[in-house]
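Colleague: Next come the chains, spelled out residue by residue.
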Amino acid sequence: MKLPIFLDNHSTTPMDPRVLEAMLPYFVEKFGNAASRNHAFGWAAEEAVENARKQIAKLIKADSKEIVFTSGATESDNLAIKGVLEMYKEKGTHIITSSTEHRAVLDTAKSLEAKGLATVTYLPVDKRGMVNPDDVRNAITDKTILISVMLANNEIGTINPVQEIGKIAKEKGILFHCDATQGVGKIPVDVQAMGIDLMSFSAHKIYGPKGVGALYVRKKNPRVRISAQMDGGGHERGMRSGTLPVPLIVGFGKACEICDQEMAKESIRLAAMRDRLEAGIMAALEESYLNGHPTNRLPGNLNISFAYVEGESLLMGMKDIALSSGSACTSATLEPSYVLRALGVGVELAHSSIRFGLGRFNTDEEIDYTITKVIEVVTKLREMSPLYEMAKEGVDLKSVQWAAH
Amino acid sequence: MAYSDKVVDHFNNPRNMGSFKKDEDGVGTGMVGAPECGDVMKLQIKVQNDTIVDAKFKTFGCGSAIASSSLATEWLKGKTIEEAQKIKNTDIVQELNLPPVKIHCSVLAEDAIKAALADYQKKADGQPADAK
Chain X
1 MKLPIFLDNH STTPMDPRVL EAMLPYFVEK FGNAASRNHA FGWAAEEAVE
51 NARKQIAKLI KADSKEIVFT SGATESDNLA IKGVLEMYKE KGTHIITSST
101 EHRAVLDTAK SLEAKGLATV TYLPVDKRGM VNPDDVRNAI TDKTILISVM
151 LANNEIGTIN PVQEIGKIAK EKGILFHCDA TQGVGKIPVD VQAMGIDLMS
201 FSAHKIYGPK GVGALYVRKK NPRVRISAQM DGGGHERGMR SGTLPVPLIV
251 GFGKACEICD QEMAKESIRL AAMRDRLEAG IMAALEESYL NGHPTNRLPG
301 NLNISFAYVE GESLLMGMKD IALSSGSACT SATLEPSYVL RALGVGVELA
351 HSSIRFGLGR FNTDEEIDYT ITKVIEVVTK LREMSPLYEM AKEGVDLKSV
401 QWAAH
Chain L
1001 MAYSDKVVDH FNNPRNMGSF KKDEDGVGTG MVGAPECGDV MKLQIKVQND
1051 TIVDAKFKTF GCGSAIASSS LATEWLKGKT IEEAQKIKNT DIVQELNLPP
1101 VKIHCSVLAE DAIKAALADY QKKADGQPAD AK
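Protein chains in written order, with our numbering: chain X, 1 to 405; chain L, 1001 to 1132.
This is chain L alone, in the form it adopts within the complex (with noise of 0.2 Å):
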């Protein structure tokens, strides 16, 4: 299978790869994916006055699961809380030109980005940070 120039951009330069700590105050942690299912997608993001300043991403997976992290990192940071809600998974596959065997790659770095924004919204909700 041939991959998309920008799937291999991102795969060979990550953008934002990397960790926040969990606890560190205004950031929001999302995990998706199982190892059984050959994908683990780890995607934070720190806020700000309800603006997203700093994403990061780590991934176990295919090179189109960690170009959409990657991709999904670059497109968070600067966002509101409510335009980051708003990115989709086939906003990803366009930009990557994933072929549908790999759809399940973006649709994981949505997953992502809610689990993280949900994260996020707990957290600033005053309740105890998920230890996950």
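Excised from the complex, chain X in its bound form (with noise of 0.2 Å):
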């Protein structure tokens, strides 16, 4: 086994050995611009991208032109929200989304609003991390234009209630943006069948390279329009300009590809691992609670919180283990996890968590290390901590006046 073990796979994940021989070709041999349209160096690079195209559509059950290639997930949640409040704009301003949504959605929203460009709704969240359907639907004015609520949770791993919510938006007449980039690849995507307008994912959370992505946009029942937000050669069908980094999609189109082929065996066998990492914790470590939903959440996705020891000291113990905090001190706000504070998570505890992330390439082996490794630390971090001395003295830590600083 080698060490340092990845995972945080919801982070990004390693590319697949098999994605990155099927873009080798298309950096010196086969480098043609898929715009070139009358040589043959541009036709090579057309039909590389309008394949992955193919492959990337049948993953989330749509048609190739139904795809729209970007750098990444970002800048879909910008292009989806954006183009849809310029376009639709005279129907009305009004946005509704969720508080536990990645932050290219929330802070595109909140940019929006802070302009005046759009009134926006931010749903809560049960205490599992779900969002509840009637709360959008009873969240829809005449002037909703948008409804914005992603698949799977990028810390907690908790799956939305999407088919329902896309039954609502098509029932209303509302367009349905999901961001789906902890989704696809991972859990079955059907945007027919979710009722899904427009869907962000981006490729390299599948094995795929970093640096591009996707915009599903819906062409019948209804026909979706988008407001560019970036101007040129009008690539994209006008929807985003810009040349086409045709390794980088033949790369994403492969990774679609294997997911298609292997999500089924692979979502069990990674269940089954983080099934075991999590009990083998729990059984060891007293006051050691869950985070997000217990069964509903995606394969990959473990979120704890120790009771007593901080996250980034946690991290620091465990450091031949890369794994997330929703602890402040990991993050540049020095605000613990927002989604954790959606789900009524207390502050302390906020801090105390763990996100573990396991992904394809994880083994058992590292797997049972992990186990080891987390409750010697979380045990010697308590022994060192004295709100776990206090507690164990029979403090009410709730009681106690604290000195904050």
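Since the hints were made in silico from the structure, they are not lab data.
For each residue, glycine too, the CB sits at the ideal point set by N, CA and C.
There could be a bad hint or two in this list.
[Stated by the list, open to error] So the derived label-pair ranges between C-beta atoms look like this: (1) ASP1009/L x GLY394/X: 32 to 42 Å; (2) PRO161/X x LYS1122/L: 53 to 63 Å; (3) GLN401/X x ILE1081/L: 55 to 65 Å; (4) VAL28/X x LYS1088/L: 57 to 67 Å; (5) ASN1049/L x LYS127/X: 50 to 60 Å; (6) ASN1097/L x ALA403/X: 20 to 30 Å; (7) LYS127/X x GLN1094/L: 27 to 37 Å; (8) PRO1099/L x ASP275/X: 32 to 42 Å; (9) ASP1009/L x ILE375/X: 19 to 29 Å; (10) ILE1103/L x ALA193/X: 47 to 57 Å; (11) ARG103/X x ILE1081/L: 47 to 57 Å; (12) LYS1086/L x THR363/X: 46 to 56 Å; (13) LYS392/X x ILE1081/L: 41 to 51 Å.
From these two lone chains plus the hints, build me the complex, please.
Modeller: Structure (structure tokens):
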């Protein structure tokens, strides 16, 4: 077993060697511009792009003409929300989203709000992190033009009832955008069945290259139109100008093809490893709390708060395992995870959270090592924690007057 | 964020981690911070003849907070009360190479030292020890 172990597969994933192999010819030999219509170099590039478009569309049950390439999911989210607002602002400027969205959605919404271009409703989630479709229905006004709710959350892995939300959107004639960055390639996605009109996702979360993503834009029932946010040569049917990064797109296509073929088996393997990790930790460490939904979540996700120890110190103690924490000390803002806060997790437990993200290349051996290491480090840090000492002495930590600083 | 070697060393090998009994003679206890802020430090000193003969800490917080309190106990040992009063957070920042986002950890450690000294003083002056 090689150290360090990568258990942060929600942040990014290593590229699958099969993806790299598919990409390689498109750097030096087949380097053409896919928009060059008059020579063989361009034709080869265009063919590769169109093939990738098909592979990507197949994974999400879309038509290849509905795939718009972008630089990644952040750009896709921006393009979807800003593009819809700009195109349909005569109909209304109200947007509905949820409080646990990725910041690419939340900050886009906030920026539109701040500029006075839109009004936004941020729906709460339940204590397991799910949006209630009834809340979506109740938030709709005659000015609502867009609902943007994520498929699966990047911190807690909770999967939203997207199909029900899509149904409501359709019923009310409102467009539905779904940030599916964490879900595509991990769980089955069907834009038809789910009633999705626009969907963001990216390659590097599914063992493809960084720097490329896509926005699915529905072509019929209804035909969705968006205003371009990048002007130029009119690529991607005018929705996103800029020369297509052919090697990245080829890699994205291959990554989708592999997911399509292997997802069913892979998700079972990942869920089994995740469940073993969870059981191994929970059995040994009292006052460890699962964040998110116990069953309805991504197969590779596990998010636990370890009472009385702070998240960053946990990461430091487990430096040969790459993990992520909702602790403020690991974020630039010095605020603990807004996702966990939205679930109603107390600030102190939000500071104590660790996210485990399992992926295609993790092994049982790595999981065993992680279980042992987590138990060792949490135990050591609890010995060092004045809070744990007080709790053991029977002090109710909530009743203490803290000298906050 | 990369940690300085000294922070890593204190984190891996904390000096003087543990507790004294709060009501023990000559013991001063300082507890600062709050769980909601993500760090709580408990720093204790044991004083004989105006000199700090021993010090202990327990900290809930990030690696830099743990290192700051561990270093504080190291520095406190052997100092007189008056000398201990002079330890500044900036000394801790310098010794541990703390980056700007971690300066609050050193401030907390200085506060903990001051609180422990004040608690000791209060007990020495014959007032009942503060239960906190």
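Colleague: The structure should be examined with respect to each hint, and the outcome stated for every one.
Modeller: Hints and how they fare:
no., hint, result
1, ASP1009/L x GLY394/X: 32 to 42 Å, "35 Å, holds"
2, PRO161/X x LYS1122/L: 53 to 63 Å, "58 Å, holds"
3, GLN401/X x ILE1081/L: 55 to 65 Å, "26 Å, violated"
4, VAL28/X x LYS1088/L: 57 to 67 Å, "59 Å, holds"
5, ASN1049/L x LYS127/X: 50 to 60 Å, "56 Å, holds"
6, ASN1097/L x ALA403/X: 20 to 30 Å, "27 Å, holds"
7, LYS127/X x GLN1094/L: 27 to 37 Å, "45 Å, violated"
8, PRO1099/L x ASP275/X: 32 to 42 Å, "38 Å, holds"
9, ASP1009/L x ILE375/X: 19 to 29 Å, "24 Å, holds"
10, ILE1103/L x ALA193/X: 47 to 57 Å, "53 Å, holds"
11, ARG103/X x ILE1081/L: 47 to 57 Å, "49 Å, holds"
12, LYS1086/L x THR363/X: 46 to 56 Å, "54 Å, holds"
13, LYS392/X x ILE1081/L: 41 to 51 Å, "31 Å, violated"
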